[in-house]
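Residue numbers (our numbering), protein chains in the order written: chain A, 19 to 332; chain B, 328 to 618.
Treat the hints as calculated values from the structure; they're not laboratory data.
Be a bit skeptical, because a hint or two may be false.
[As the list claims (entries may be wrong)] Heads up, incomplete: computed chain B residues facing chain A, CB under 7 Å, no partners named:
{"hint": "1", "residue": "Ile365"}
{"hint": "2", "residue": "Met473"}
{"hint": "3", "residue": "Tyr478"}
[What the hints assert, rightly or not] Chain A is nowhere near these chain B residues, computed Cβ spacing over 10 Å in every case:
{"hint": "4", "residue": "Ser395"}
{"hint": "5", "residue": "Ala460"}
{"hint": "6", "residue": "Ser477"}
{"hint": "7", "residue": "Gly562"}
{"hint": "8", "residue": "Asp605"}
{"hint": "9", "residue": "Asp612"}
Beta carbons are placed, not taken as given, at the ideal position from N, Cα and C, and that holds for glycine.
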Amino acid sequence: MLRFFGTRLAQLALVVLAVTLLFYWMLNLLPGNPCVAAFGGAATEEQIAECERDRNLDDPVIVQWAKWGGDVLTGDFGKSYLTGRSFGEALNTALPRTLLLLAYSQVLALGAAIPLGLWTGYKQNSVGDKIASGGAFALLSVPVFVLGLVLILVFAVRLDWFDLSGYQPISEGLGAHFRVMFLPSITLAAGLLPIYLRLLRTDVIGTLQEDFVGTARAKGLPVRHVLIRHVLRPSSFTLLTIFGIQAAQAVNGAIVVEFLFDLDGVGSLLVSWVAAREFLLVQTLVALIAAVFVTVTTMVDLLYSVLDPRIRRK
Amino acid sequence: MTDAATTAVTGSRPDVAPRQRRHNVALWVSLVWLVLVIASAVLAPWLGFIDDPHKPLSGPPEEGPSWSNWFGTDQLGRDMFARSVWGGRLSLSIAGPAVGIGIVVGGLLGVVAGYFGRWVDLGVSSLVNVALALPALVFALFIVTMLGQSYLNVTIAVTILTIPAIARIARAQALRFAAREFVTVADMMGARWPRLLFREVMPNVVPALASIAFLAMGIVIIAEGSLSFIGVSVGSPSITWGNILSSGKGRLEDAPHIALITGGVMFCTLMALNFVGDEMLRRLDVREARI
Chain A
19 MLRFFGTRLA
29 QLALVVLAVT
39 LLFYWMLNLL
49 PGNPCVAAFG
59 GAATEEQIAE
69 CERDRNLDDP
79 VIVQWAKWGG
89 DVLTGDFGKS
99 YLTGRSFGEA
109 LNTALPRTLL
119 LLAYSQVLAL
129 GAAIPLGLWT
139 GYKQNSVGDK
149 IASGGAFALL
159 SVPVFVLGLV
169 LILVFAVRLD
179 WFDLSGYQPI
189 SEGLGAHFRV
199 MFLPSITLAA
209 GLLPIYLRLL
219 RTDVIGTLQE
229 DFVGTARAKG
239 LPVRHVLIRH
249 VLRPSSFTLL
259 TIFGIQAAQA
269 VNGAIVVEFL
279 FDLDGVGSLL
289 VSWVAAREFL
299 LVQTLVALIA
309 AVFVTVTTMV
319 DLLYSVLDPR
329 IRRK
Chain B
328 MTDAATTAVT
338 GSRPDVAPRQ
348 RRHNVALWVS
358 LVWLVLVIAS
368 AVLAPWLGFI
378 DDPHKPLSGP
388 PEEGPSWSNW
398 FGTDQLGRDM
408 FARSVWGGRL
418 SLSIAGPAVG
428 IGIVVGGLLG
438 VVAGYFGRWV
448 DLGVSSLVNV
458 ALALPALVFA
468 LFIVTMLGQS
478 YLNVTIAVTI
488 LTIPAIARIA
498 RAQALRFAAR
508 EFVTVADMMG
518 ARWPRLLFRE
528 VMPNVVPALA
538 SIAFLAMGIV
548 IIAEGSLSFI
558 GVSVGSPSIT
568 WGNILSSGKG
578 RLEDAPHIAL
588 ITGGVMFCTL
598 MALNFVGDEM
608 LRRLDVREAR
618 I
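Construct the complete structure from the given sequences, taking the supplied hints into account.
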């Protein structure tokens, strides 16, 4: 067990190092001096020299990367040379918004997918199942930004039920918070729902063939009880794996959704830095996102092996 | 290639159940839609009824669909039908090469890894796993930012995204077929590895790759659409579905048709691609091949 965890964590460390190095190195694809670009082309000699010192531009790339990694680990993420705003400060406001958005959308998606998946798997090929499965298939073909635009048009512009005025923290009242967060969360959840639903439905159909389900039914347990206690349980592993992957992949959707709903989260930060050509900040943020992403995926993997001992023996 | 493969699988069968017949109808509708979209995108400059998408005041600004402007007009009175077609032209001209290169490179990588196994497989698989573990859109955004916003760079970015996913599927397929009797027999008869690889294993992987091409196409169109929606794709005079939608975002109140119709065209195209891809996978009985 310990040995298994050790190998996985060592692998994780290697991947994180490789991924950050890759993104660090890719900054060198930029023509010219990144420090000149960091000031938007209007910098004095001293300013450029200061930036070059900060980023250790005289060293080889691998040494620059190592020093950058050391800075990041000690909480020094750098700053914008254009505005003087520090990276950490910007991230502090943006991160909670993105995390809340991701959490809400996962809750909504799982909350809808679990009952729907159990039911459509149980009532396989019924009219309801066909409608739900067809709907899931259609939903998979709707890009996030198209769905978001339609929801905005219907619920914010026409019906005026929700706000589009930008982010409201929970401290402003739950009502105001959810009036802003509901549509973005639904938009993001709609992309996750069909993935969970399809998977769970296939799983449920398989589990329903098992002998223990027949036994449970023969004992006279009600269908609802059998579905929730006996059928859902073996599927929770599959659900957990895909949840780990999707929790990480949802960052892609979050970028688009935050941009669409003006939420100023991490995704909006990334897009605005790209637009302002703040390459040094973009690079640090992308490397961090990638590192977090890889870590989450590995953690879910490890959790999976804690729950299911068969995995460890392979 | 894909067209031939599609006709091969949809060829008439005498005894089709009602469900099968419904699927056939949907399949034909999807194929007709795809042919229409692709033909209009390819032939756009030569088709008389498609206006110049950049010409202002083709009709009164921000008017809904009418006889002279089928899809209405935008803020500057430019014809939305022409803009949708030209937007599709750019999106498809990025997605086409990206998927083509992705299938060839990813397919070869996967088949080689699956066939040879051992350290070749280990190398390819670990690369693929790392690549698949990265957030796709963030990665594409980063590449386009660093290389610059141009047609070539956006195509490079989305191509890189397709390769690992396709390689993983090709590997799984190759692994399955490399262990089959006909490969062992050919091996025992003294065939060398290029023959085994290209004449025995590869032809069996191709159907899976052909079906995957449709699904991958949809994913690339969404990826490019997301990039241009957030303003990080090909520069501004160029028209893409993503940037039409982005400009329609601010006009939802007064001119919702700009976003709705373009979004609808995109949705139908993606739905058709997904349906054709899924049907091919089902009919060719390809397992473990979802992206």
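What hints, given by number in increasing order, does this structure fail? Checked against the structure, the hints that fail are numbers 1, 3, 5 and 8, while the rest are satisfied.
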